[in-house]
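Protein chains: 2
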Amino acid sequence: MAKLSRKERHRLLLQRIKENPFITDEELAEEFGCSVQTIRLDRAILDIKEVRERIKEMAKESLGKLKTISPRDVVGEIIDIELENYAIATFEPQLWMTFSNSQMVKGQHIYAFAESVAMSVIDAKAALIGVANIKYKTPVFANDRLVARAELKKKRNNKYIVWVFIKRNSEEVFRGKFILVATDDENKENTGQECRTYEDRN
Amino acid sequence: MAKLSRKERHRLLLQRIKENPFITDEELAEEFGCSVQTIRLDRAILDIKEVRERIKEMAKESLGKLKTISPRDVVGEIIDIELENYAIATFEPQLWMTFSNSQMVKGQHIYAFAESVAMSVIDAKAALIGVANIKYKTPVFANDRLVARAELKKKRNNKYIVWVFIKRNSEEVFRGKFILVATDDENKENTGQECRTYEDRN
Numbered sequence: 748m749a750k751l752s753r754k755e756r757h758r759l760l761l762q763r764i765k766e767n768p769f770i771t772d773e774e775l776a777e778e779f780g781c782s783v784q785t786i787r788l789d790r791a792i793l794d795i796k797e798v799r800e801r802i803k804e805m806a807k808e809s810l811g812k813l814k815t816i817s818p819r820d821v822v823g824e825i826i827d828i829e830l831e832n833y834a835i836a837t838f839e840p841q842l843w844m845t846f847s848n849s850q851m852v853k854g855q856h857i858y859a860f861a862e863s864v865a866m867s868v869i870d871a872k873a874a875l876i877g878v879a880n881i882k883y884k885t886p887v888f889a890n891d892r893l894v895a896r897a898e899l900k901k902k903r904n905n906k907y908i909v910w911v912f913i914k915r916n917s918e919e920v921f922r923g924k925f926i927l928v929a930t931d932d933e934n935k936e937n938t939g940q941e942c943r944t945y946e947d948r949n
Numbered sequence: 748m749a750k751l752s753r754k755e756r757h758r759l760l761l762q763r764i765k766e767n768p769f770i771t772d773e774e775l776a777e778e779f780g781c782s783v784q785t786i787r788l789d790r791a792i793l794d795i796k797e798v799r800e801r802i803k804e805m806a807k808e809s810l811g812k813l814k815t816i817s818p819r820d821v822v823g824e825i826i827d828i829e830l831e832n833y834a835i836a837t838f839e840p841q842l843w844m845t846f847s848n849s850q851m852v853k854g855q856h857i858y859a860f861a862e863s864v865a866m867s868v869i870d871a872k873a874a875l876i877g878v879a880n881i882k883y884k885t886p887v888f889a890n891d892r893l894v895a896r897a898e899l900k901k902k903r904n905n906k907y908i909v910w911v912f913i914k915r916n917s918e919e920v921f922r923g924k925f926i927l928v929a930t931d932d933e934n935k936e937n938t939g940q941e942c943r944t945y946e947d948r949n
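Residue numbers (this note's numbering), protein chains in the order written: chain P, 748 to 949; chain W, 748 to 949.
Everything labelled a hint here was simulated from the structure, so no lab data went into it. Owing to the predicted nature of the structure, the values given are computational and were not obtained by experimental measurement. Incorrect hints may appear among the rest.
Identical copies carry no separate label here, and so any pair may be met within one copy or between two of them.
Here are the simulated DSS-like pairs of lysine-lysine, each with C-alpha atoms no more than 27 Å apart in a straight line [stated by the list, open to error]:
{"no.": "1", "residue 1": "754", "residue 2": "872"}
{"no.": "2", "residue 1": "754", "residue 2": "924"}
{"no.": "3", "residue 1": "884", "residue 2": "814"}
{"no.": "4", "residue 1": "796", "residue 2": "924"}
{"no.": "5", "residue 1": "803", "residue 2": "906"}
{"no.": "6", "residue 1": "796", "residue 2": "906"}
{"no.": "7", "residue 1": "872", "residue 2": "884"}
{"no.": "8", "residue 1": "796", "residue 2": "812"}
{"no.": "9", "residue 1": "914", "residue 2": "750"}
{"no.": "10", "residue 1": "754", "residue 2": "901"}
{"no.": "11", "residue 1": "914", "residue 2": "900"}
{"no.": "12", "residue 1": "872", "residue 2": "924"}
{"no.": "13", "residue 1": "754", "residue 2": "882"}
{"no.": "14", "residue 1": "884", "residue 2": "901"}
{"no.": "15", "residue 1": "807", "residue 2": "882"}
{"no.": "16", "residue 1": "884", "residue 2": "750"}
{"no.": "17", "residue 1": "796", "residue 2": "882"}
{"no.": "18", "residue 1": "902", "residue 2": "872"}
{"no.": "19", "residue 1": "803", "residue 2": "901"}
{"no.": "20", "residue 1": "812", "residue 2": "884"}
{"no.": "21", "residue 1": "902", "residue 2": "803"}
{"no.": "22", "residue 1": "750", "residue 2": "803"}
{"no.": "23", "residue 1": "765", "residue 2": "900"}
{"no.": "24", "residue 1": "900", "residue 2": "807"}
{"no.": "25", "residue 1": "814", "residue 2": "754"}
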């Protein structure tokens, strides 16, 4: 790789961090053929924190934008979001999420992550998954660093079609199509059942 | 309903409990047009325990038959199982499984129940979900009594097609088709990735 200009390196750095928020200074230095010190300096200039801090900060900013899902219900961290368009989230499955007889993470935890990011992208008071067509492409292990991207593909009345792609580095480990149904009061006749809301309960 | 003979009532009682393991003596009495005392006597004669004990006992018997999933990983209770044929499980979602802004149970917990019963029906050392096409038909609330039935529809090499139906009383709340992939050592080249087993870890 030819030596990059500082301007070009800054552009690429922002792009790579957006693509993979888990990328470390060491990985960036190797990719760009420069020293780790250079990357740290670049980050200081661009006001980008190191990986852990970065994710925490991005998550904090995004939480305020959530409409359908409560921050308490989010699986992983939502690090970037444009409502009714896309959402990006990170997740590191823990050891307790694996099967007892293997190190593989149970599908349910990857599903939970996908469901959470799919719900975060839509703008409704409440919603439920109606249909999901999902594919697990390769096993996931504890401490894998997963990045999910949810995209709202279509919206019609109270139905939303959302695609979710989950990657580990550049490898896709899961993809799914979700049809979500908004269960706002005005739409409750469409859920097939009376929708008891939190307000009714109290 | 015409008064049933004792023999007929016993036959129906066994059938109804098989269909809905959560059925109470009160419900059976009402269905059969007899007293609760009569149902209790019937259960004593047929050696059927009351609802909680019954489920606990059925679960205990079934756990020993599991091959693919460890008892520790089971969601709910497996109460009847014939490996490579069918499995029946019960599950009562708890309040913590609901969304913070509604009383509805998150899809991920119903999915986890379905995944668990789908895996329990197959006979492999380990397996993962490859594909799932699922449909949530109506919202589920905390303390709903769910009964799932998983049926192995097809088996070819290391792939299994399992259908799962979840009902609340006689109402279907969820149905899904799962394609499971056995990840036994001899099949590990088919998972798309080296399968680290529990034995490798220790």
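Now for the hints, and whether the structure bears them out:
1. With identical chains, the CA atoms of residue 754 and residue 872 are never at most 27 Å apart, being 43 Å at best within one copy and 54 Å at best between copies.
2. With identical chains, the CA atoms of residue 754 and residue 924 are never at most 27 Å apart, being 39 Å at best within one copy and 51 Å at best between copies.
3. Proximity of residue 884 to residue 814 under the C-alpha cut-off of 27 Å is restricted to the inter-copy arrangement: shortest distance 23 Å between copies versus 30 Å within a copy.
4. Within a single copy, residue 796 and residue 924 get their C-alpha atoms no closer than 33 Å, and across copies no closer than 44 Å, so neither meets the 27 Å cut-off.
5. In this assembly of identical chains, the alpha carbons of residue 803 and residue 906 never lie at most 27 Å apart, being 31 Å within a copy and 40 Å across copies at closest.
6. In the homo-oligomer, the alpha carbons of residue 796 and residue 906 never lie at most 27 Å apart, since the shortest distance is 38 Å inside one protomer and 45 Å across protomers.
7. Only between protomers do residue 872 and residue 884 lie at most 27 Å apart by alpha-carbon distance; the minimum there is 20 Å, versus 33 Å within a single protomer.
8. Taking identical chains as interchangeable, the C-alpha atoms of residue 796 and residue 812 lie at most 27 Å apart only when both belong to the same chain, with a minimum of 21 Å there against 52 Å between chains.
9. Taking the shortest alpha-carbon separations for residue 914 and residue 750, neither the intra-copy value of 29 Å nor the inter-copy value of 63 Å comes in at or below 27 Å.
10. Proximity of residue 754 and residue 901 under a CA criterion of 27 Å is satisfied in neither setting, with 38 Å inside one chain copy and 58 Å between copies.
11. For a Cα distance limit of 27 Å, the shortest separation of residue 914 from residue 900 inside one copy, 19 Å, qualifies, whereas the shortest one across copies, 31 Å, does not.
12. Proximity of residue 872 and residue 924 under a CA criterion of 27 Å is satisfied intra-copy only: 21 Å inside one chain copy versus 30 Å between copies.
13. In this assembly of identical chains, the alpha carbons of residue 754 and residue 882 never lie at most 27 Å apart, being 40 Å within a copy and 50 Å across copies at closest.
14. Taking the closest pair of Cα atoms, residue 884 and residue 901 come within 27 Å of each other both inside a single copy (25 Å) and across two copies (21 Å).
15. When the C-alpha separation of residue 807 and residue 882 is checked against a cutoff of 27 Å, the pair qualifies neither within a copy, at 30 Å, nor between copies, at 33 Å.
16. With identical chains, the CA atoms of residue 884 and residue 750 are never at most 27 Å apart, being 36 Å at best within one copy and 57 Å at best between copies.
17. For the identical chains of this complex, residue 796 and residue 882 are neighbours neither inside a copy (34 Å) nor across copies (42 Å), given an alpha-carbon limit of 27 Å.
18. In this assembly of identical chains, residue 902 and residue 872 lie within 27 Å of each other by CA distance solely inside one copy; the values are 15 Å within and 43 Å between copies.
19. Taking CA atoms no more than 27 Å apart as the test, residue 803 paired with residue 901 passes in neither setting, with 30 Å inside one copy and 46 Å between copies.
20. Taking the shortest alpha-carbon separations for residue 812 and residue 884, neither the intra-copy value of 31 Å nor the inter-copy value of 29 Å comes in at or below 27 Å.
21. Proximity of residue 902 and residue 803 under a CA criterion of 27 Å is satisfied in neither setting, with 31 Å inside one chain copy and 45 Å between copies.
22. Taking the shortest alpha-carbon separations for residue 750 and residue 803, neither the intra-copy value of 32 Å nor the inter-copy value of 68 Å comes in at or below 27 Å.
23. Proximity of residue 765 and residue 900 under a CA criterion of 27 Å is satisfied intra-copy only: 21 Å inside one chain copy versus 43 Å between copies.
24. For a Cα distance limit of 27 Å, the shortest separation of residue 900 from residue 807 inside one copy, 26 Å, qualifies, whereas the shortest one across copies, 46 Å, does not.
25. In this homomeric assembly, residue 814 and residue 754 never come within 27 Å of each other (Cα to Cα): the closest approach is 37 Å inside a single copy and 58 Å across copies.
Taken one by one, the earlier hints fail for this structure at numbers 1, 2, 4, 5, 6, 9, 10, 13, 15, 16, 17, 19, 20, 21, 22, 25, listed in ascending order.
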